Structure formats: structure tokens, C-alpha cells
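S.K.: Keeping the supplied structure of chain B fixed, place chain C upon it in accordance with the hints.
Chain residues, written in single-letter form:
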Amino acid sequence: QVQLVESGGGVVQPGTSLRLSCAASGFTLSDYVIHWIRQAPGKGLEWVAVISKDGSRQYYADSVKGRCTISRDNTVYLQMNSLRPEDTGVYYCARDPGHLDERWLDLWGQGTLVTVSS
Amino acid sequence: DIQMTQSPSAMSASVGDRVTITCRASQGISNYLAWFQQKPGKVPKRLIYAASSLQSGVPSRFSGSGSGTEFTLTISSLQPEDFATYYCLQHNTYPWTFGQGTKVEIK
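The listed protein sequences derive, respectively, from chains B and C.
Under this note's numbering, think of the first position of the first sequence as 1, with each following residue one higher.
Under this note's numbering, think of the first position of the second sequence as 1001, with each following residue one higher.
Treat the hints as calculated values from the structure; they're not laboratory data.
All of these numbers come straight from a predicted model, not from anything done at the bench.
It is possible that some hints are incorrect.
[To be verified] Derived, one-sided and incomplete: chain C residues facing chain B with beta-carbon distance under 10 Å:
| hint | residue |
| --- | --- |
| 1 | Asp-1001 |
| 2 | Ala-1013 |
| 3 | Lys-1045 |
| 4 | Arg-1046 |
| 5 | Tyr-1049 |
| 6 | Gly-1101 |
Note that beta-carbon positions come from the ideal geometry of N, C-alpha and C, so glycine has one too.
Chain B on its own, in the form it takes in the complex (with noise of 0.2 Å):
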């Protein structure tokens, strides 16, 4: 079956780190750009961050950059640190072929849920 699964979110306390995975089964993940987006609850759509296919090249968005790093190997990584109730919401990984056909963020995981409180 093909998805995208993450995982590792949780409840946390401000100042805390964090590390979500995004895995892949039923395709090959090395060949898809992988970004992150996440949503607070009841809000909308916020972007997060992206990792190239070879990981060479990251690029995240202003909220979250100098605290937050993309890896990859055989699983996209996110680590989150020095955590802020702001960035409570569930945390979306999405696959985009590195050009604009049928596959460009066609497919999201789930989801992994981030709480950040004292």
C-alpha cells in the first residue's frame, strides 16, 4: 500500500525538542522531495520546511528556521527545538516528485499531533 507515515509527536513542555519521522512504504522515498506542513487546531495550513531528494538542499519557513532541521536517510526526519505552544498542531509530511505531474503532494500521511504545554 502506498503511504507516508509519521510518527514521534507527543506532549511536551516549552523549551523541549522533538524529533517526527515520516516514513514511506509502497514506493521508493529517495525519489520524491518531502515536506513538511502542519495545522494548529481549528486553524489553516501552514508550511514548514522541505528536503531535497538527495538532501543536499532544505528550506523552511520563518517561523520555524534556526530551530527546526530536515534530514533524511531512509526516513524524512524533523527535529523541533526549543518548542513554543505556537507550534502545537498536527504535523503532515507530503511527497512531490521534484516536478509538477499527477504525483506533486498528491499523497500526505495522517498526521502526528505536536502539544506543546506546560
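M.R.: Leaving out everything else, chain C in the frame of chain B:
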């Protein structure tokens, strides 16, 4: 960063209505604009990419148009399963940015 202004933020419509949602970019993004549909508790679903290319399997009542800074998502005849929140996304330049969303509710 490119700002995406989506309007309206919410609307009430009836089954069979023609619905139009607009996204304006703060600078030109060519046709690097996608539309997503999200139902409560569900993962967003891509409807349209490259401003006007319909994802396979998406009903033809959905259409997208525009280029540059102004884009439109049109639902030609609203169906019960279309009541959801719709988002635009510019993917011309990192950081990518979403519109604020349009919630389409039943009148």
C-alpha cells in the same frame, strides 16, 4: 515572503450553486498555484495543480484558473460532499505559503 490572500473566509451556499473562491498573491507566481480541499478531521486533498490542472479522479465540476497574482477555484454545481474548507497554495518560491482558507457551509 509571498502572501496569499484568500476570499471569502467563509460562505454559505446551497446544493447546485456555483461557487467561486479567489486567491491573490502579493507578487507574481506564474501558474504555481494549487488548490486543496479539507474535510473535518481529514487529510487535505489536492484538487488542482499548476493553477488549472485537475487531479485525476476529481470531479469536473471543479476548475481552476488564473496566472500571475489572481487565481480562482470554481465549483460549477455544489454537491453535498463539497462542503469543506478550501486552501490555495503558492509553490513558486520558498517559503511556500497557503491562503487562510475558505469554509464552504450549507445554507
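S.K.: Are the hints correct? Go through all of them and say.
M.R.: Hints, one by one, checked against the model:
1. Satisfaction of the interface hint for Asp-1001 (chain C) is found here, the shortest Cβ-Cβ separation to chain B being roughly 7 Å, below the 10 Å cut-off.
2. Residue-level restraint check for Ala-1013 (chain C) is violated (minimum Cβ-Cβ distance to chain B is 20 Å; threshold 10 Å).
3. At a threshold of 10 Å, the smallest CB-CB gap from Lys-1045 (chain C) to chain B is about 8 Å, leaving the interface hint in force.
4. Restraint check, Arg-1046 (chain C) versus chain B: the minimum CB separation of about 5 Å is within 10 Å; hint holds.
5. Because the smallest distance between the Cβ of Tyr-1049 (chain C) and any Cβ of chain B comes to about 5 Å, under 10 Å, the interface hint for this residue holds.
6. Hint status for Gly-1101 (chain C): holds, given a least beta-carbon distance of 4 Å to chain B, under 10 Å.
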